[in-house]
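Novice: As a plain string of letters, each chain reads:
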Amino acid sequence: MKLTFSPEDEAFRNQIAGWLRNNLVGEFAELKFRGGPGDEHMFPEERKRWEQKLAEGGWTCVGWPEAYGGRGLSIEQQVIFFEEYARAGAPGRMGHIGEGLAGPTIIAFGSEAQKEKYLPGIVAGTELWCQGYSEPNAGSDLANVQTRASLEDGKWRIHGQKVWTSLAHESDWCFVIARTEPGSKAHKGLGFFLVSMHQPGVTVRPIEQLTGTSEFNEVFFDGAVAEDIVGAPGEGWAVAMGLLGFERGVSTLGQQMQFQNELDEIIRLARANGAARNPGIRQRIAEAHTGLRLMRYNAMRMLSSSQDGQADSSALVYKLHWASWHRNLGALAMDVLGPEAELIDDAPYELSRLQSLFLFTRSDTIYGGTNQIQRNIIAERGLGMPKEPKGR
Amino acid sequence: MDFTFNEDQLAFREAISRFLAAELPPEVLRKNWETEDGCSRELHRKMVEQGLTGLSVPEAQGGLEMDDTAWVLLTPLLGYYAIADSVVDTAYTATGLLSALPEGDHRREELLTGIAGGDVGVAVAHQVNPLVVDMDLADVVLVEFEGEIHALNQEAVSYECNTSIDSSRRLGRISVQPAPESRLLENGRDIWAETLNRGAVGVAGQALGLAQRMLDMSVEYASQRQQFGKPVGSFQAVKHHLADVAEKIEFAKPVLYRAAHALANNERGSDLYSSHAKLACCEAAWLAARHGIQVYGAMGYTWEADLQIFMKRAWALDSYWGDRAFHKSRVAEAVLADDALIGPQHTFEE
Ligand SMILES: Cc1cc2nc3c(=O)[nH]c(=O)nc-3n(C[C@H](O)[C@H](O)[C@H](O)COP(=O)(O)OP(=O)(O)OC[C@H]3O[C@@H](n4cnc5c(N)ncnc54)[C@H](O)[C@@H]3O)c2cc1C
Numbered sequence: 519m520k521l522t523f524s525p526e527d528e529a530f531r532n533q534i535a536g537w538l539r540n541n542l543v544g545e546f547a548e549l550k551f552r553g554g555p556g557d558e559h560m561f562p563e564e565r566k567r568w569e570q571k572l573a574e575g576g577w578t579c580v581g582w583p584e585a586y587g588g589r590g591l592s593i594e595q596q597v598i599f600f601e602e603y604a605r606a607g608a609p610g611r612m613g614h615i616g617e618g619l620a621g622p623t624i625i626a627f628g629s630e631a632q633k634e635k636y637l638p639g640i641v642a643g644t645e646l647w648c649q650g651y652s653e654p655n656a657g658s659d660l661a662n663v664q665t666r667a668s669l670e671d672g673k674w675r676i677h678g679q680k681v682w683t684s685l686a687h688e689s690d691w692c693f694v695i696a697r698t699e700p701g702s703k704a705h706k707g708l709g710f711f712l713v714s715m716h717q718p719g720v721t722v723r724p725i726e727q728l729t730g731t732s733e734f735n736e737v738f739f740d741g742a743v744a745e746d747i748v749g750a751p752g753e754g755w756a757v758a759m760g761l762l763g764f765e766r767g768v769s770t771l772g773q774q775m776q777f778q779n780e781l782d783e784i785i786r787l788a789r790a791n792g793a794a795r796n797p798g799i800r801q802r803i804a805e806a807h808t809g810l811r812l813m814r815y816n817a818m819r820m821l822s823s824s825q826d827g828q829a830d831s832s833a834l835v836y837k838l839h840w841a842s843w844h845r846n847l848g849a850l851a852m853d854v855l856g857p858e859a860e861l862i863d864d865a866p867y868e869l870s871r872l873q874s875l876f877l878f879t880r881s882d883t884i885y886g887g888t889n890q891i892q893r894n895i896i897a898e899r900g901l902g903m904p905k906e907p908k909g910r
Numbered sequence: 196m197d198f199t200f201n202e203d204q205l206a207f208r209e210a211i212s213r214f215l216a217a218e219l220p221p222e223v224l225r226k227n228w229e230t231e232d233g234c235s236r237e238l239h240r241k242m243v244e245q246g247l248t249g250l251s252v253p254e255a256q257g258g259l260e261m262d263d264t265a266w267v268l269l270t271p272l273l274g275y276y277a278i279a280d281s282v283v284d285t286a287y288t289a290t291g292l293l294s295a296l297p298e299g300d301h302r303r304e305e306l307l308t309g310i311a312g313g314d315v316g317v318a319v320a321h322q323v324n325p326l327v328v329d330m331d332l333a334d335v336v337l338v339e340f341e342g343e344i345h346a347l348n349q350e351a352v353s354y355e356c357n358t359s360i361d362s363s364r365r366l367g368r369i370s371v372q373p374a375p376e377s378r379l380l381e382n383g384r385d386i387w388a389e390t391l392n393r394g395a396v397g398v399a400g401q402a403l404g405l406a407q408r409m410l411d412m413s414v415e416y417a418s419q420r421q422q423f424g425k426p427v428g429s430f431q432a433v434k435h436h437l438a439d440v441a442e443k444i445e446f447a448k449p450v451l452y453r454a455a456h457a458l459a460n461n462e463r464g465s466d467l468y469s470s471h472a473k474l475a476c477c478e479a480a481w482l483a484a485r486h487g488i489q490v491y492g493a494m495g496y497t498w499e500a501d502l503q504i505f506m507k508r509a510w511a512l513d514s515y516w517g518d519r520a521f522h523k524s525r526v527a528e529a530v531l532a533d534d535a536l537i538g539p540q541h542t543f544e545e
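The listed protein sequences correspond, in order, to chains A and B.
In terms of this note's numbering, the first sequence opens at residue 519 and continues consecutively.
In terms of this note's numbering, the second sequence opens at residue 196 and continues consecutively.
To be clear, the hints were calculated from the coordinates, so they are not data collected in a lab.
Be aware that a few hints might be false.
Just a few of them, taken from the derived set where beta-carbon distance is under 7 angstroms, the chain B residues facing chain A [unchecked claim]: (1) L219; (2) P325; (3) T358; (4) G492; (5) A493; (6) T497; (7) A511; (8) A520.
Over 12 angstroms on every C-beta distance to chain A, these chain B residues come out as not near it, computed from the model [as the list claims (entries may be wrong)]: (9) N227; (10) E229; (11) N348; (12) Q372; (13) D385; (14) A388; (15) L536; (16) T542.
The model shown is predicted, which means the values in this text are computed figures rather than measured ones.
All residues carry an ideal CB built from backbone N, CA and C; glycine is no exception.
Build the full structure now, drawing on both the sequences and the hints.
Specialist: The structure is reproduced here in C-alpha cells:
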C-alpha cells in the first residue's frame, strides 16, 4: 500500500495545473464547470474545439499506452490529472465515449489496421463516438438486440434501430451490436461493428428528456455500411462485455472529481442560505461526504489491483454505489435549496445547474445497467447465488 | 374514532372524480403548459359549475359550507389529475382564512361570495412560502404583515413572475406595502397559524393523489413492458418497489384524515397533525416518483412519458407550505417539549 504521491508526481501536478490555467482562457473561459451531468447539451461546438485543444497539449487519452498515442500515465498520475482537471473546472468531455470505451476496446480486441485507423482520431479529439447498444426491446435485456448485420457484396450492412443513444447527434462514429446470424438468440450470433454516422442510411432523431433538452437519440440504420467488425462475426458479445469493463475503469476517477465539485457547490450553498444549520441537512452532507470517500478509496484499490485499467470483479459493486449516491446528492441539492428549488431561471425551461443535477441524477440508476440489474449481477456473479428464473 | 365519510361527501367526490377523468387527460395538461398561465381558465369555469369553489364558503355567501374533512377527499383527486394550484389555494386555503374572520366585515363577505361564484381568485402570501403561487391568476392576495391580515388587489402588488419545474405552476416574488385600508384584521396570528396548517394539509392531499397516480401509471407500465420475455413487473425487484409505494400511500391516508379532522374541529394538536400529514403524504409522493421513474427505465426520463407531469408536480409541492425540515422540526418540538405527554397511557389519547 502506498498512499502518497512522489516528488515526480507532484511535479506532474504542477505541469497539468499550469497547462489548464494557461489554456482555459479566451474562448474556453466560458466552458468552466459546464457540460457536466445534465448539462451535456451545452456549448457542443466550443467543447469540440476544447477536445482538440486538449489533444494539442497531449492531454487526451492520458492513460493509453504511448504506442497508441496516449501518455502512458501511471495510475497515480491519472488520478492527479483528473483531480486537476476537476479543480480547474474544465468542461465535461465530449470525447469520453471514444476515449473511455471505444478506444480501449479497439486496443484490446481490434486488429492492427483498426488501431491505426481509429485511434488517432480519438487521440486528436477530432472524432467523437457514441454507443449503439440499447434498442426498443433490448434495454436491461441487452442480449435481445434485433438489429441485423448482413454481408452484402463483401460489406457489412446494418439494418435496425437503436435508442437512447447519447450524443449520437454530435458523433462521427457509433459502435453497434448487431446480429450477424439470422435467427440466432441471446448472446450468440452477435457482432461488434464500427459504423460511420456520416452516411446515407443513418438517421438520428433526438429524444426530448424530462429536462426539456436532448442528449440522447433514436438512431435508425437502413443499410448503413459498417466499415469494420471488431472480433469475429458471432463473437460480438464478448467484445461488448469487455467494453463495459472499461466503463468501470479509470474514467470513474474523473467522474468522482466531478461529484466532488457538485458536493462542494451544495456545501457552499448550504452555508450561504442557512440550510447548513439544519441538523437533518448537516447529517446528509456528512453522509454524502463519506459516500464519496468510500467511492474514491474503492476506486483506487480497484485500479491498483489491475494496472491495465480494466476493473476486476470487486468492481461489480461500483456502479450501484455511485449511482445511488449521486441520486441522493441530487435530492440533497433540492432540499438545500428549499422552497426555491422549483424556481426556473428563465422561460421556457432554463434549468439551473442544481436543478439539472437533480433531474439528471434520476437517470443515474437507470443507464449503464439499472440498480436492479446491478444487484442481480452482484448476487449472481459476485455471490454465486442461483439465477432468477427468466422467461427464456 | 371514526374514519368513515358521510354520503354527501362521498357522492361529491364521485361526481368530481368523473368530471376530472373526462376533462383532464394528460394531453390537456400539456396543452395548458403552453399557455401564459400554465392552466386553463375554461377548465376553471367548469370547476366552478361543479361547485368546487364554493365547497367551503359559508352558506350565507352562497357556498356549501363543508369543512376540511370534505376537502381531504377532494385534494387527492385534484392531485391525481394534477390540477393547478389556484383551485386549492383559493377554494380551500384562502376560503378557510376568510371564513375565520369575524362575520360582518363587508370585504370578507364580498370576497367569499366572489369565490363561491368563481369570480374571484385569491392567492395567499404566508411567510413560510417565499414565493407566492399563481399571483398572476389571483384578483386578490392575502398578505401577512406582522401578524396582521391584509387583502390587496393584485394591481397593488408588484411582483416578478417565474415558472416552476412543474410547468403548471407560476411563482411570484412579491413586494407589497400594506396600508391601513388593506387591513382585514389586526391580530391575525391565530388565523395565520391555522392557515399554515390548512395549506399544508391541502398540499398533503394533493401529494397523496399524485402518489396514487404515479403508482397506477407505474403498475400499468411494468405490467406491459417486456424484457427477458416477460413483463418487468413480474420481477420481484420491480414489484417490491411498487409495493413499498402502496404501503406508504395507505399509511398516509388516515394521517391526512386525522389532520383534517383536527382542523375542522379547531383542535389544539393541529400543528402536529398537519405536519404529520404533510410529511407522510409527501414522502409517499416522493417515493412514488423515485420508484416510478426507476420502473419506467429510460422511458421515464423522457418528456414524452406522462409520468414526468406528476413527478415534477410532486417535487414542486414537496416544499410548498413548509418543507420537510420545517415540518420535521415542528414534530420534534412537539414531541420533545418539556410538557409533552409520553407513555403508553397517552398513545391512543387523540
Ligand atoms: C440518460 C441515459 C443515457 C443513455 N445512453 C445510452 C447510450 O448512449 N447507449 C445505449 O446503448 N444506451 C443508453 N441508455 C439506455 C440504458 O442503457 C437503458 O435505459 C438501460 O439499460 C435500461 O433499459 P430500459 O430503459 O429499456 O429499461 P427496462 O429494461 O425496460 O427496465 C424497466 C425496469 O425493469 C427493471 N428490470 C428489467 N429487467 C429486470 C430483471 N431481470 N430483474 C429485475 N428488474 C428488472 C429495470 O431495473 C427497470 O427498473 C441510456 C439511458 C439513459 C437514461
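Novice: Are the hints correct? Go through all of them and say.
Specialist: Cross-check of the supplied hints:
no., hint, verdict
1, L219, "violated, 20 angstroms"
2, P325, "holds, 5 angstroms"
3, T358, "holds, 5 angstroms"
4, G492, "holds, 5 angstroms"
5, A493, "holds, 5 angstroms"
6, T497, "holds, 6 angstroms"
7, A511, "holds, 4 angstroms"
8, A520, "holds, 5 angstroms"
9, N227, "holds, 14 angstroms"
10, E229, "violated, 9 angstroms"
11, N348, "holds, 25 angstroms"
12, Q372, "holds, 23 angstroms"
13, D385, "holds, 24 angstroms"
14, A388, "holds, 19 angstroms"
15, L536, "holds, 24 angstroms"
16, T542, "holds, 26 angstroms"
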